Each structure stands twice: as structure tokens, then as C-alpha cells.
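Please arrange chain B on chain A, whose structure you already have, making use of the hints.
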Amino acid sequence: MAYELVIGLETHVELNTESKIFCSCGGHSSPKEPNDCVCPACSGMPGMLPVMNKRVVELAATAGLMLNCEINRYTTFDKKNYYYPDLPCAYQITQLNHPICVNGLVKVKTAQGERDIRIKQIHMEEDAGKLVHGGNSSFVDFNRTSVPLIEIVTQPDFRSPEEVVTYLGKLKSMFKSTGISECEEGAMRCDVNISVREEGTEEFGVRTEIKNMASFEAIDRAIRYEAQRHMDALEFGTEELVQETRRFDDVTGKTSAMRNKETEADYRYFPDPNLMPIVIDDEWLEEIKKNKPVALDEKAEQYMAAGISDKEIAQLLSEHSAAKLLDDVVALGCNAKDAAAWILTDCAGILRKAGLKLKDLSITAEGLSYLIKMVQSGKLNRGGAKKTLIAVIEDGADPIRYCEENGLTVKVDDSMIEAVIDKAISANPQAVQDYKSGKEKALMAIFGACMKELKGKGDPQSIRATLLSKLKD
Amino acid sequence: MKYYAEIINEKGTVAVDDTILVKDTVSSAGSHILEGYKPLFSAEAVERLQQKGFDIKGKTHVGEFSLDLVGEFSYYNEYDENESLKGAAAQLVKSGDVKYALGVDMNGSTRRAAALSGVNFLKPTYGTVSRYGIISCAASGEQLGVYANDADSISEIMSVIAGNDKKDGTSLLDTSYTYDTDLDLKGAKVGIVKELLDKACDSVKSEILAYTLSLKAKGVIVEEVSLDFFDTVNTAWQILMCAETCNNVSRYDGVKYGHRSENYRNIDELYVNSRSEGFNFLTKTTILYGSDVLSKTRYADCYDKALRIRRVVAEKMAELFESYDALITPVCSKNEYKAYDIKDAFTKVYEESVFTAIANLIGIPALASSNVQLLGKHFSESTLLSLSKMGERKGE
Numbered sequence: 001m002a003y004e005l006v007i008g009l010e011t012h013v014e015l016n017t018e019s020k021i022f023c024s025c026g027g028h029s030s031p032k033e034p035n036d037c038v039c040p041a042c043s044g045m046p047g048m049l050p051v052m053n054k055r056v057v058e059l060a061a062t063a064g065l066m067l068n069c070e071i072n073r074y075t076t077f078d079k080k081n082y083y084y085p086d087l088p089c090a091y092q093i094t095q096l097n098h099p100i101c102v103n104g105l106v107k108v109k110t111a112q113g114e115r116d117i118r119i120k121q122i123h124m125e126e127d128a129g130k131l132v133h134g135g136n137s138s139f140v141d142f143n144r145t146s147v148p149l150i151e152i153v154t155q156p157d158f159r160s161p162e163e164v165v166t167y168l169g170k171l172k173s174m175f176k177s178t179g180i181s182e183c184e185e186g187a188m189r190c191d192v193n194i195s196v197r198e199e200g201t202e203e204f205g206v207r208t209e210i211k212n213m214a215s216f217e218a219i220d221r222a223i224r225y226e227a228q229r230h231m232d233a234l235e236f237g238t239e240e241l242v243q244e245t246r247r248f249d250d251v252t253g254k255t256s257a258m259r260n261k262e263t264e265a266d267y268r269y270f271p272d273p274n275l276m277p278i279v280i281d282d283e284w285l286e287e288i289k290k291n292k293p294v295a296l297d298e299k300a301e302q303y304m305a306a307g308i309s310d311k312e313i314a315q316l317l318s319e320h321s322a323a324k325l326l327d328d329v330v331a332l333g334c335n336a337k338d339a340a341a342w343i344l345t346d347c348a349g350i351l352r353k354a355g356l357k358l359k360d361l362s363i364t365a366e367g368l369s370y371l372i373k374m375v376q377s378g379k380l381n382r383g384g385a386k387k388t389l390i391a392v393i394e395d396g397a398d399p400i401r402y403c404e405e406n407g408l409t410v411k412v413d414d415s416m417i418e419a420v421i422d423k424a425i426s427a428n429p430q431a432v433q434d435y436k437s438g439k440e441k442a443l444m445a446i447f448g449a450c451m452k453e454l455k456g457k458g459d460p461q462s463i464r465a466t467l468l469s470k471l472k473d
Numbered sequence: 001m002k003y004y005a006e007i008i009n010e011k012g013t014v015a016v017d018d019t020i021l022v023k024d025t026v027s028s029a030g031s032h033i034l035e036g037y038k039p040l041f042s043a044e045a046v047e048r049l050q051q052k053g054f055d056i057k058g059k060t061h062v063g064e065f066s067l068d069l070v071g072e073f074s075y076y077n078e079y080d081e082n083e084s085l086k087g088a089a090a091q092l093v094k095s096g097d098v099k100y101a102l103g104v105d106m107n108g109s110t111r112r113a114a115a116l117s118g119v120n121f122l123k124p125t126y127g128t129v130s131r132y133g134i135i136s137c138a139a140s141g142e143q144l145g146v147y148a149n150d151a152d153s154i155s156e157i158m159s160v161i162a163g164n165d166k167k168d169g170t171s172l173l174d175t176s177y178t179y180d181t182d183l184d185l186k187g188a189k190v191g192i193v194k195e196l197l198d199k200a201c202d203s204v205k206s207e208i209l210a211y212t213l214s215l216k217a218k219g220v221i222v223e224e225v226s227l228d229f230f231d232t233v234n235t236a237w238q239i240l241m242c243a244e245t246c247n248n249v250s251r252y253d254g255v256k257y258g259h260r261s262e263n264y265r266n267i268d269e270l271y272v273n274s275r276s277e278g279f280n281f282l283t284k285t286t287i288l289y290g291s292d293v294l295s296k297t298r299y300a301d302c303y304d305k306a307l308r309i310r311r312v313v314a315e316k317m318a319e320l321f322e323s324y325d326a327l328i329t330p331v332c333s334k335n336e337y338k339a340y341d342i343k344d345a346f347t348k349v350y351e352e353s354v355f356t357a358i359a360n361l362i363g364i365p366a367l368a369s370s371n372v373q374l375l376g377k378h379f380s381e382s383t384l385l386s387l388s389k390m391g392e393r394k395g396e
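Chains as they are written, first to last, in this note's numbering: chain A, 1 to 473; chain B, 1 to 396.
Bound conformation, chain A alone (with noise of 0.2 Å):
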């Protein structure tokens, strides 16, 4: 018999915030150790209040407008009641009955064909903190615990794992190249609910849920093993499937129950009153559509169209932090192509040798921009910039004060240049000789005495087409 996979997704993405979602607390993206980025109010000590934090509201309701859905203007947290060492209220701060974004859309494609997935909802909520077990006792790590989370649920629209991989690279290749999520690893956890049915039926299978899943490779392998395991229970009643919640080994390959429906959680859902309700009005909501970055598909053709090659694309893509860079230093009068190959050739080597990457890149968009600007007027030589941004990106020195104190911006007139040119003419007789008589090469000895005796200053472009056209004299 044929069967058909029913699959919706519930997705966990951790958004790029500089404070967690109800306190001040920073850092979380990178602490030191455990316990480092903790207040009262997020390791649940009594009397500490969650107070909004906006940022997140702005950019779960930009992820919901990338994703096509509508923006619920009133929107209101409830609290979810369960017991756990990493969850120190002993309650989650969650959204159930009025969630920030509902009913969007995204395209899927694959080798299948492309389908379209409806987003139900997006949600915002708090993370829970980590527990370490060593020896004979566990420890709490709250360094997690309220930083914030959306989670995207789709419909059951999915028919393979293949379309659920695709989703999952799409989003996360969406958020990660606009800033919404670092997307880290473990950064973006998935819930996958799965079902089988005799294909060509409408009646749903029987679905069971597999919890809490980071990598893609392992979502792909849940899904095919659980996929066979109703199979199986369908064509040759291997076991009775029931509606649970499972877990994923990755070293076994297979699934294992881990609670039924019967002794399912009841989590005691109930509007927080201690965060009043959100209210997005037309000013807001056009202020954060305003702000939207432009989506990854956008993004490539505006990149495209710029005469930005394809594997400097993949790259920009990649690394939102240095797209930015590039759209601001295009903002800044800029050639982006010019400044596509200052970021990804120029600085993105300096830090490779440094053992840096792209996205430790420190340089500000006016210093680039001001760099780029002078090399072009000739203001600057290339090996001026070069020297400039190294000092930049190892010992974050500024590119302006750089360039003046070290004199590398060409102070000389013209008429001094000239002055330098004719000397070396006059100076190099059996190299002039040389090149007249055709060997070129020879050239390079009067370009190489006039570049000595200006110290490196100006520009050798232009220094260089001088002397061409004084040798044709």
C-alpha cells in the first residue's frame, strides 16, 4: 500500500538581542561560565518583576513579516506551570492565546516540486537555564534561562523530510543573513509531529511528537525512522501506535516513547498579570516594516545587479554582519562592488591570517568608506589601506587618525610628483634607454626610484601613467 507523511514543524529560534526578554541582563550570547549572565529576576528570586523587552517584540514580528504572516496588534503573555531545576519560577513565560503572528506562508522547494507551507503561528516566550550533571549531583546553569526564543509553528503541510530540511535551511539562512538569529549551533531547536496515512485519504494517522532536536541531520533521521516505524505498525500491525511524545537517540538511530497523552503535563495556562498587553499600533508596526531587513532572496538579486559575484554572494549571505557593513558603505557613496572585494578579499584576509572571522570584522562603515574613498582619488595607495586595516582589525586603531599620523595620505601636489618623476628620468639614463628600445621591464626601475623617493605617498596608478606618458615625450 501507498503512505502518505503528514509532518508540522514547531521550530525554537533564539533571537540576536543584546538583553534577555524580561530583564537587563547581556551577554548571554557568549558568557564566560556558568551563572555569568544572571539577575534576580531571571534566576526567579521573589519579588523581581518581568519588564518587556521591546527588541524582541520588533523582531519576532519582522521574522513573522519575512514569513507572510499577519501581525497581531494586541498580543498577551500567559505563564506555562511545570516543574523543572533549569526553569527557576517553575513556570515559563510564554504566548498561547494571543501570539504576536499568525497564518503566514512559505514556499518550499525541492526536488519533489515546490509547496507551500501555512506558518500558523509565531510566538515569543523564555528560554529555560541548563543543567550539568556530574559526580553524584547536578548543577543549574541559568545562563540561558530568559533569553528570548520565537517559535514558528506551520500546519501539517510537509510530505518528506527532504521539504522539512529545506524549510529549516531557508529559515535559518533567513534569519542568520538578517541579524534576527545568530543561529548558532543548538541555537534553533526543533518539535517535529509526524503522521502516516494511506495516501490519496483525508483522515489524518495517528501522531506522535518528536521533542527537541538541533541538528538537521538528525531531524532527516527521526523523521525516516519514525515515518517507517508507523509504516510498519499500518501494513503489518507491528505495534499499536499511540499518540505521545517521543525523543530521538543519535547513536541508536531510533525513537522512544518518552510520555503518552494519559500522563501528559497539564500545564496550568494563565495570563501573566504581571505584562500587560502589547498593543502595536500603525506607527509601530510601520516603523518595524521600515526596518525590515531586505530577505535573502531580495537581497541576492540587489547583490546581483551590483556586479557582485555569486561566490562573494553566498558569502554576504552567510555572514549578516558583513552584508551590513557593505549595504551601509554603499549607503555612504560607495562602488559595492569595489567594497565587496575590500571586505571579502582585503579585510577578510587580514583576519584569516589574524585567526579571525568575517563576522570579528570591527571596522566601521565610515572607515571603510573613508579608506576606499581616498584610494580612489589617490589619496591613498592601496598598500597605505592594506596597512591601515590591518592596524584596524589587530589593534582597533581608527583608519582616519591611522592614515594622518603615520603621514600615509598623500600630502604632495602634483607639481611635486612631477618634480619627483623628472628627477628619476634624469637620474635612470640606461633604464629610460632601455625602454625606449622596448624592453619594458625597464620601466620598473624609474617607477620603483620615483615610489623611494616619495615614501610610499601617492598614488602609484596615477604616478605611474605619468611617467608613461613623460617617456613617450
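In short, the hints are calculated from the structure, not lab data.
Don't take every hint at face value.
Subject to a maximum C-alpha distance of 30 Å in a straight line, what follows is the list of computed DSSO-like cross-link-like pairs (lysine-lysine) [unchecked claim]:
| no. | chain 1 | residue 1 | chain 2 | residue 2 |
| --- | --- | --- | --- | --- |
| 1 | A | K290 | A | K337 |
| 2 | B | K348 | A | K32 |
| 3 | B | K256 | A | K211 |
| 4 | A | K211 | B | K296 |
| 5 | B | K316 | B | K334 |
| 6 | B | K94 | B | K348 |
| 7 | A | K172 | A | K290 |
| 8 | A | K54 | B | K167 |
| 9 | B | K305 | A | K80 |
| 10 | A | K107 | A | K120 |
| 11 | B | K167 | A | K80 |
Here are the computed distance ranges between Cβ atoms for each label pair [to be verified]:
| no. | chain 1 | residue 1 | chain 2 | residue 2 | range |
| --- | --- | --- | --- | --- | --- |
| 12 | A | E198 | B | K296 | 26 to 36 Å |
| 13 | A | D249 | B | R308 | 44 to 54 Å |
| 14 | B | K256 | A | K357 | 36 to 46 Å |
| 15 | B | R265 | A | E70 | 49 to 59 Å |
| 16 | B | E35 | A | N97 | 35 to 45 Å |
| 17 | B | R265 | A | D116 | 48 to 58 Å |
| 18 | A | G355 | B | D304 | 55 to 65 Å |
Computed footprint of chain A on chain B, listed as stretches where at least three residues anywhere in the stretch have a Cβ under 8 Å from a Cβ of chain A [claimed, not checked]:
| no. | segment |
| --- | --- |
| 19 | 33 to 45 |
| 20 | 89 to 96 |
| 21 | 165 to 174 |
| 22 | 291 to 300 |
What you are looking at is a predicted structure, and each value in this text was computed from that prediction instead of being measured.
Even for Gly, the Cβ is constructed at its ideal location relative to N, Cα and C.
Below, chain B without anything else, positioned relative to chain A:
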């Protein structure tokens, strides 16, 4: 009974309930589960008072999480068998040991303590005083308020502690409020709620009537008004209060601070034993009721209905306050209570809360002035304080 849980500064003029945090001073909300808990920060109200030069004299005993009548069920304090119940902070104000005291009105215990001790307690409009730094139980209706012997003293403290606090998401945006005690209320109209007056004993009734006579003598119009919904109001608030308390005290699990049972083999036993040992019978009852009204099968009939009642009552009362400047009710049914068994506490408090619950349910201000309770619309504290002052006997 004892009054102070801890003395901080003998020269201080303000006593603070043990449900309100004072930095580095043990704050246990009268509960074994929070034994030895020393907060890292003070409540916003305490902070504001200290900045204006008020010194805190000490922390006063409260009943566990302020769930009882007036503070009779504290883990750290006991009433003698035949002692009348009075409330620690209210007694300290009455005796003149301190001029003012701060308390948290969550289910009327502070107002009842004021009534039984013969002092005043103002539960202000919800959202006007920051709840930052109070050991929260019923977040949607609790408010920090002030005990004092007269209206002027309450006004003095309120002017310091009220106003927006960014650390409390429910704090209203106004940065300051005024608390007049000398409004000209000649011709103002006050209603005595018949159904609540009927629930009070004769001595409470006569005290209320004596007060209304003094108002009439000063030109205030006093009328009887019939309102039949106070039992429903009370039930609605008890549902919300139990649910929110159940949720808020769930963080006291023995893992992070406070009492941890010595007897456990795994995390479930650590939770169950710490909490079984740490909470008293009244708190446990409240947790069970709260858990029940939030459960999947009961939510729509209980919790959700209580929220709807809250909205309807708020509308009805707003309408009523278009015709009346204030309402007068008793604070409790009797003017004396003796110590009793904790197993009876939940019902006893429930019965007495019929007078106090409305102010918590819909966030209106309530001023208990001995056995008289004045209720007004939101932000009508000046009217209530002025009405109360009109009944104060000078030179007493």
C-alpha cells in the same frame, strides 16, 4: 506575640512587613520555605523612603504570604491561645512605636489588622505604587500600602512612594500623584452598602453609623445603597488570588534558596518534601485550590469566568461611582478575633474577604479606618483620605 522579625534601626520611624524586601535583611514572608532568605535589593517603596530620609525601624511579622486574617499564622511568631488577633505592623503604629508602616494588601489582611487595631491602612489604586521588591502572590490585585494613625501621615508616605517605576511592568506611567486630606466635600455623596453592613456585628455597625453621623454633620450626603454582587466578587477574587498564589509560590522548590528538606533521594522528593515541610496548611490549601481552578477541565468554569466577572464588576462600579463619591462598608464582620485552628483558616478568611475583595479584584483604592472602610473610584485617594480625616477626632 512578637512584633518585629528583625530590628534594623532603633531610631527608624517606618516599620516594614516581612513580605517587603529590605536589602540584606532576612525577608521570609512569614514562611518556613523562605527561612534565611536575604534579598540583594530593597523594594522600590523602601528605596524611595530611604532616599527621602525616612529610616526603616525593622521588619514586622506577617502571616505566611499574608494569606490569613491579620498575621496569625507566621512560622516565626505565635499568638497565645486567648490573645486577640491584631496584626504586628498595625499594633506598632497604634502604640506609637513607629509613626508609619508599610504592608502588602493581597487579600485584606492589612486592612483587617488596621480595623482590629484601630488604625488606618490605605490600599492605593492598583499600579500607583511599585510592586518591585514585594514577595508577590496575587500579582493582579496586590498593592503595597501604608498604615498610620491619621490621614495626613498616610498622605505624607504616599507622596514619596507613589509614581511610575520602570522595574514594574504594571506600574502606571504617571510619575507623581497628589494626596490631599482637606478636600471640601460639602455636598459630596457617600453610599453605605446595605448587604455588607448587614453582615457585620452590632458594635461594628454602630461604629460605622457614628462615623456617618459625623460626615452628615459636615454636610456630606449619606445614603444607603443596595449592591447584591459582593459574594460573587469575593468568589471571583479568591479564584484569581489562589491561582496566582499557587503559581507564584511554585518557585519556592528547595532548589535555589530558602528551606530544603534534608530528606530526599531524587529531584521529585526534594520538591515534595521541601514544599511539604516549608508551607503551612493554609498555603497548601490555597495552592490546591489555585491548581484546581487552573486545570484544563476547570479553567473555563473558574479562572476564565473570574476574569469576566472582574471586567463586568469594574464596569458596574465605574457607573456607580458616577453617582457616589465613595462607598462605606465594614472592614470585617467583627471587632475582635481570637486565635483559632489553622485548618479553619481558609474558610474564615474567605468569609471575611467579602468586605475587602472588591478593591483587590478591580484595583480601586480602599481605606480602612478602624472599622470603617471607604471605597472609591480609581485615583480617588484624596477623597477617601479627606473623608477619613473628617471623622478623626482632634486631640485624641
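Here is how each hint holds up against the structure:
Straight-line distance between C-alpha atoms of K290 of chain A and K337 of chain A comes to about 25 Å, which keeps the hinted pair within the 30 Å bound. For the proposed pair K348 of chain B and K32 of chain A, the alpha carbon gap of about 53 Å is over 30 Å, so the pair is violated. With a C-alpha separation of about 27 Å, the suggested pairing of K256 of chain B with K211 of chain A holds against the 30 Å cut-off. Proposed proximity of K211 of chain A and K296 of chain B is supported: the alpha carbons are some 22 Å apart, at most 30 Å.
At most 30 Å may separate the alpha-carbon atoms for a hinted pair to count; K316 of chain B and K334 of chain B meet this at roughly 28 Å. Restraint check for K94 of chain B and K348 of chain B: the C-alpha separation of about 25 Å stays at or below 30 Å, so the hint holds. Note on K172 of chain A and K290 of chain A: the hinted pairing holds, with a Cα-Cα distance of about 22 Å set against a maximum of 30 Å. Between K54 of chain A and K167 of chain B, the direct Cα distance comes to roughly 14 Å. Compliance with the 30 Å bound is thereby established for this hinted pair.
Distance check on the hinted pair: K305 of chain B and K80 of chain A sit about 19 Å apart at the alpha-carbon level, within 30 Å; holds. For the hint pairing K107 of chain A with K120 of chain A, the CA-to-CA distance comes to about 14 Å; that is within 30 Å, so the pair holds. Distance restraint check for K167 of chain B and K80 of chain A: the Cα-Cα separation of roughly 22 Å lies within the 30 Å cut-off, and the hinted pair is therefore satisfied. Taking 26 to 36 Å as the suggested C-beta distance range, the pair E198 of chain A and K296 of chain B conforms, at roughly 32 Å.
With their beta carbons about 47 Å apart, D249 of chain A and R308 of chain B fall inside the hinted range of 44 to 54 Å. A hinted range of 36 to 46 Å for the beta carbons of K256 of chain B and K357 of chain A is consistent with their spacing of about 37 Å. For the pair R265 of chain B and E70 of chain A, the supplied restraint of 49 to 59 Å holds, since their beta-carbon distance comes to about 51 Å. Distance hint check: the CB atoms of E35 of chain B and N97 of chain A are about 38 Å apart, consistent with the given range 35 to 45 Å.
R265 of chain B and D116 of chain A have their C-beta atoms about 52 Å apart, which keeps the hinted 48 to 58 Å range intact. For the hinted restraint 55 to 65 Å between G355 of chain A and D304 of chain B, the CB-CB distance of approximately 58 Å keeps it satisfied. Chain A is given as covering the segment 33 to 45 of chain B, and this holds because 6 residues of the stretch bring a CB closer than 8 Å to a CB of that chain, at least three being needed. Coverage of the segment 89 to 96 of chain B by chain A is violated [criterion: at least 3 residues with CB-CB distance below 8 Å; count 0].
With a cut-off of 8 Å between beta carbons, the segment 165 to 174 of chain B has 5 residues touching chain A; three or more are needed, and the interface restraint holds. Chain A is given as covering the segment 291 to 300 of chain B, and this holds because 5 residues of the stretch bring a CB closer than 8 Å to a CB of that chain, at least three being needed.
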